[in-house]
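Residue numbers are given in my numbering: position 278 of the sequence shown equals residue 287, and the series is strictly consecutive.
Any given hint could be a false lead.
No farther apart than 30 Å at their CA atoms in a straight line, the calculated lysine-lysine pairs in the DSBU-like style are these [what the hints assert, rightly or not]:
no. : residue 1 : residue 2
1   : K229      : K280
2   : K111      : K229
3   : K118      : K280
4   : K280      : K111
Hints were generated in silico from the structure; no laboratory data involved.
Please read these numbers as outputs of a predicted model, since none were measured by experiment.
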Amino acid sequence: MRTAIRASLGAALALAALAVAAGPAAAAPQGAVFTSTNTAAANRVLTFDRAGNGALSPAGSVATGGNGTGSGLGSQGALALTRGGHFLYVVNAGSDSISTFKVRPNGLKLAGLTSSGGDQPISLTVHRGLLYALNGESGTITGFTRAHNGGLAPLPGSTEPIGGSGPAQVEFSNDGDTLVVTNKDTNTIDTFAVGSDGTPGPAQSQPSEGDTPFGFDFDKRGHLIVSEAFGGAAGASAVSSYSLDSSGLLTTISASVPDSQAAACWIAVTKNGRFAYTTNTGSGSISSYFVGREGSLGLLEQVAAATGVGSTPTDMAQTASSRVLFALLPGTGQVAAYRVAGDGGLTPVDQAGGVPGSGAGLAAR
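Taking the hints into account, I'd like the entire structure generated from these sequences.
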């Protein structure tokens with residue numbers, strides 16, 4: 010009997026030792042992060058499975074059916090997810106088209122390829138049953154209606170020229186009543202009133218507070234938060250905030266709050282509206298800002314995260330809870346994940362590779 014007990018105990022201890030050696034079982038993916046290769050020969054979407062804590066695992070790629078440019082797009086919003094995360098839209102800037110993907114538990118499925126209605130689409134925005142594309146080379150915005158299956162159909166009368174030049178991003182306001190476009194070359198911000206039929210009025214072009222307005226996002230109260238790259242000059246980067254009225258008029262709230270970094274280009278605001286982050290492409294860092302209830306800005310950390318020498322951080326994306334922030338680092342071929350603390354601080358979680366230097370756009374679900 011004692012011999013049998015000893016044998017059983019020994020077997021149990023051996024199994025326990027094996028379990029410790031093997032470590033905890035891998036967590037099932039809680040979602041995914043997407044980016045595009047933007048390669049000239051054939052654009053592809055790279056997928057990374059993500060755990061609840063933001064840990065990343067490469068999960069393959071799928072062809073978009075179009076071509077990229079082979080170099081950075083200089084824009085924010087090259088990928089757009091629908092609110093429920095059921096469809097992903099991707100620009101093919103080298104072949105003037107938009108790819109539609111159905112997001113399934115086992116990966117992406119290409120569901121359609123649509124002309125962007127202009128030359129070199131660089132940014133997309135979705136709101137309910139509409140999608141708008143910003144065509145950088147032709148300097149226009151063009152709208153599409155979205156079917157329940159994710160398909161796109163051109164919206165008659167929706168193409169409008171932008172008011173400035175060097176566009177960087179198009180995005181709907183929170184209520185969908187206004188489209189906003191930033192213009193890097195003319196230091197202007199365009200607004201377009203969106204009618205009940207989904208078509209926009211003419212551009213209202215207004216001066217930016219700082220030079221080279223680039224990426225932007227809205228807080229939950231509808232304030233517009235805009236990065237200012239100041240031509241990439243060392244130590245000159247800043248972020249401004251504006252209110253936006255129903256006619257599309259912008260009123261400055263905080264003007265050019267500096268982060269003393271280089272080339273602040275991309276912006277992400279947490280879903281609770283409390284914090285804003287900007288990637289400083291020229292200095293390999295992410296800066297953090299506090300956002301007040303009235304839309305005012307205050308610098309939290311000049312370097313909330315150091316992304317590394319030569320990393321050239323660009324696009325950012327968040328989980329639905331805003332507890333994890335992801336950043337695209339095309340200079341080092343990676344996507345990085347950061348845990349967002351209650352005070353807005355960032356803690357590195359993970360990095361996953363395989364992104365080419367031409368990579369553009371980032372979306373998370």
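Non-conforming hints, listed in increasing numerical order: none
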